[in-house]
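Chemist: Here is what each chain is made of, one letter per residue.
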Amino acid sequence: MSEQEYTLAELMCVAAARAFPVSGVVMAGMGLPMLTATFAKLLQPPGIVICTEVGAFDWRPPPDVSRAPVGIHDINLNDGSAMVSDMVDALGTLLMGGNVDLGVLSAAQVDRFGNLNTLVLGDYRHPERRLGGTGGNTEIACLAKRVLTIMPQERRRFVERVDFNTSPGYIDGPGARLRAGLPPQGPNAVVSTFGVFGFDTGDGGDGSCEMVLEAVFPGMDPDIVRLETGWPLRVADGVAEIEPPTAEEIALLRRLDPHHFYLTPGRY
Amino acid sequence: MSEQEYTLAELMCVAAARAFPVSGVVMAGMGLPMLTATFAKLLQPPGIVICTEVGAFDWRPPPDVSRAPVGIHDINLNDGSAMVSDMVDALGTLLMGGNVDLGVLSAAQVDRFGNLNTLVLGDYRHPERRLGGTGGNTEIACLAKRVLTIMPQERRRFVERVDFNTSPGYIDGPGARLRAGLPPQGPNAVVSTFGVFGFDTGDGGDGSCEMVLEAVFPGMDPDIVRLETGWPLRVADGVAEIEPPTAEEIALLRRLDPHHFYLTPGRY
Amino acid sequence: MSASKLMDENEAVARFVDDGDSVYVGYTSAAYGLCQAIVRAGKRNLEAIGGSVGPQGTFLFMGGCANRVRAGYVAAALRPGVVQEMMADGRLRFEDYSNQGIALMLMAGALGIPFIPTRSFLGTDYLRPEFRDHAGGFLRDKKWAEMDSPFDGEKVVLLPALRPDVAVLHAQRADEDGNVQVWGHLGDARWAYWAARKVIVSAEEIVPREVIAADPDRTVTPGFRVSAVVHMPWGGHPSSLVGYYDYDYAYQARTMSRMGRSMEEWQSFADEWIHGVRDRAEYIDHYRAVFGAEALDAIAVNAGPSPIAPVRYGYNATLRFRM
Amino acid sequence: MSASKLMDENEAVARFVDDGDSVYVGYTSAAYGLCQAIVRAGKRNLEAIGGSVGPQGTFLFMGGCANRVRAGYVAAALRPGVVQEMMADGRLRFEDYSNQGIALMLMAGALGIPFIPTRSFLGTDYLRPEFRDHAGGFLRDKKWAEMDSPFDGEKVVLLPALRPDVAVLHAQRADEDGNVQVWGHLGDARWAYWAARKVIVSAEEIVPREVIAADPDRTVTPGFRVSAVVHMPWGGHPSSLVGYYDYDYAYQARTMSRMGRSMEEWQSFADEWIHGVRDRAEYIDHYRAVFGAEALDAIAVNAGPSPIAPVRYGYNATLRFRM
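Chains as they are written, first to last, in the numbering used here: chain A, 1 to 268; chain B, 269 to 536; chain C, 537 to 859; chain D, 860 to 1182.
FYI, nobody ran anything at the bench for these hints, they're computed from the structure.
None of these values were measured; they are calculated from a predicted model.
Wrong hints could be hidden among the right ones.
[What the hints assert, rightly or not] Just a sample of chain A residues kept apart from chain D, beta carbon distances all over 10 Å, derived:
#, residue
1, Arg129
2, Arg156
3, Pro174
[Unchecked claim] No more than 20 Å apart at the CA atoms, straight line, and that leaves these computed lysine to any residue pairs for SDA-like:
#, chain 1, residue 1, chain 2, residue 2
4, D, Lys1014, C, Arg615
5, B, Lys413, B, Gly390
6, C, Lys691, A, Pro218
7, D, Lys1001, C, Asp557
8, A, Lys145, C, Asp815
9, C, Lys678, D, Phe1010
Each residue gets a CB set at the ideal place from its N, CA and C atoms; glycine is no exception.
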């Protein structure tokens, strides 16, 4: 497909879905993460198990599903789930119990070490702007085995250090999660409006833990990505270019968002 | 009814049921307590709410109920319950949350201050005899607002101090429950094979907290009760004599125990 | 049992919501009709509680009823507007937790234990003391504590138990004793039912106890813990209720999207949809008058499963004990 | 999703019960057929766990499979016999808790938190240090701890989280992915399903996923946490299963009442009812051969309610977002 035929939001979903593991328990937050999880589940081999923090377990969208869930409270999540229960079962038992393989999140800010901010811009005590809040973002970042973050990229969103770390990535570098009492995490990824980032965790977890640009969207120049990143961004050797979405992928995505709730052109 | 027409176990059930409050949440242990609770619920105004530690809430025995539950796991407790759930809801949320007005228990030993022992006879580390264990007896004694204990009386069972305090009554006297971190309790009662006992908690909870014989079964001499009590038993002034069971009470009790599971003649 | 707990929403709020109460409002069992009754009754000095506090909580903030919020997510604060201003200038005090945090705190409250440990929040800025004791807060050193497990040395955050004075919840069905049945994903409402000292439930349907008792696994709280039951069809509108109706996004976009921007916009909304009606029945009448008699059909359920295999709660009534 | 988890009980035990494992056996979802398969397989050095450990646990003690027990009630110790002797002479080590204690400990294990507070046990002799560190025990300072709440100074007992290596449970129905549905009072099994690292379920019926997904509130654990599913009619016999069969007291009185008195009595029982059959199907065949083809009718359910009002998990598939 040529660039004109899909939006940036669609491209982000496709790139993020391709970054999904082939199998495992996925817990996705509201917005593009939930849409992406639904999309990935319909595209991929059946090993992805979708669960929500509100209490749906192993949701399998019916083949003719009329929409991806609008948020995590959508009552259509009861149709196709093997179990429905409550938030303690989901965020307590499932997540805290160590059963979530991938968390899919969004945030207002991300930093060099993959920490997220969902709460406030500026100083918490005298903020420039208050946000809705973290919801389940904090615990998914704390306790999921790996995290994929989907968010638009701007210099004020990709910052050296988040204004308020609601959702720990690698905190301030190697070993910090263990020192804080958290389980290790990763490999993680960020999908922005420009491309896909990984983290230098090394093979044995002994890397620098900082974000690295691994692939860019079609036609995107890594130097532009650097410009919209608030720290000296590392770019992987031989940075790849993402394959454009296929017509089938875009058709499926649009079917899942019939009212352009997520994919409004120009939203990103 | 004359004495020959009912057994001691039947008399205990009747006396215990009469000691029930008119309304409130009741949690009864297995054995005579569960039978008594069922019996009381069918006899009395409808304010008694029966719940079990296994997870039945507001069980109302159908008018034609074929048997009282044989133990607290009896699956007939699902017929007539407004809710069924699990043990954390029952012993955690309901009981620990402060919602149980009366616990009905049994035990191998009781002492002067109403403490119970359900675990072991003799020293715990080198016991004369090991018992089945406390089940939910401990938490009901710790956390129910009042406790009614039904158990046969012998000198080796009514002891100055229980061999192992599994289930606190007033521990070692006034103020001891609060010092231990427990909510206050009472008024409590014990129904034995000889009569009915209360505790001297005083009007404002400032009594001696010791067990007092308040009423005896028909024809029973308080001196006999003293003989089968392992400490100098206080007897209330003007100790009453329990009214014999009515023919209707005995008929209902026997209908609830059609196989003499609890009420085997000679068992007590 | 006791006398029927059935009453209308205005009586339920008058009797069981007191000025100063902390009120669980939540998200998934959103009791829009009850929250609107609270605004109509002019209750004051309330605290709104929920893992997430949905737009029905916005009514309480904008309506001057609630001046405190304890939540992981506040829909009213999502976009710039009056609630953000209230949080900045101290008119609305707040304590930020998370969905899991509030859910666990409600569970601890229900369990009657003073706190519950979590491994969430570790490594975050929530634990920085200067943020715990922020000027807009109201919990200070009652907000959380940290400790190492005495069993394995593992770090945990202790969250204090939370027992709302009252919970307002919307449900599929209840009986007049207050036994409530809910199905579908429950969010943190499952523990709010048990944690709150007073529980007010609005339900789409009032059914005989026999319906409840024939499927007791669906009951989420026994009636003796419930203070009031309100028969209220469409009581969750414009939120959704599994098996009854879906989100009314169109209504939200048309009537509610601007209500948080200014007090004037709020007053306009409230005059029409809260103060302009006596109860939820009139609200629905008004809805039909404005949008057409058939407009609610657009959100009625038209897909989704129902049980296709029976269950039975059977036992043997003629059981013998010996062969 | 993955390949079917259906297998027979002997394969399930061979693959998922390892010597040395701690095994939740419990009381209300008593998996008699699975426990008998464990005895047949000759597993060793197991620990039996449950708020109460029912007579199926007795099989594990008498059969030489389990040499540790962590429970609030041990049916095998109720009357004098071999198990009381084993507890006295150290062959069976034990840690005494209570029903609530074990239930909360399983919940803490499921929640992934290292401990949970309770107000039970306060004022009891369980908390005396000389009883905590008793010679027959195996937990010592990992058994419990005491502390004052940092929020209100209230005393609590901290109980350590409990994650059994494996849980064996009997259920009404499951699908081949391991999604399990149970109804009726659940005891501590509700949290054992979530706490155990491996879960083996025997079920009266294996149903298609569609049956499960049409009533997802009845599911007690999602299939991805389940290791093996065994189709096993009468798998809970001689215990009861809501909706299927009641306690077989007559069988228990006739065959099991003496099995704990001596190893000879045990061997006689085990030779006939455990080692003498290959699986639960043969056990039931043998039952019928001994007691008559119709004998099981005496415990079949013949009373009790079924749901009398429908529920629906519906939503709106044609929902519009703007008017």
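Chemist: If a hint holds in the structure, say so; if it doesn't, say that too.
Modeler: Okay, the hints, checked on the actual structure:
1. Arg129: Nearest chain D Cβ is 26 Å from Arg129 of chain A, so the label holds.
2. Arg156: holds (29 Å)
3. Pro174: holds (24 Å)
4. D:Lys1014 - C:Arg615: violated (44 Å)
5. B:Lys413 - B:Gly390: violated (29 Å)
6. C:Lys691 - A:Pro218: violated (45 Å)
7. D:Lys1001 - C:Asp557: violated (41 Å)
8. A:Lys145 - C:Asp815: violated (48 Å)
9. C:Lys678 - D:Phe1010: holds (6 Å)
Violated hints for the displayed structure, listed by number in ascending order: 4, 5, 6, 7, 8.
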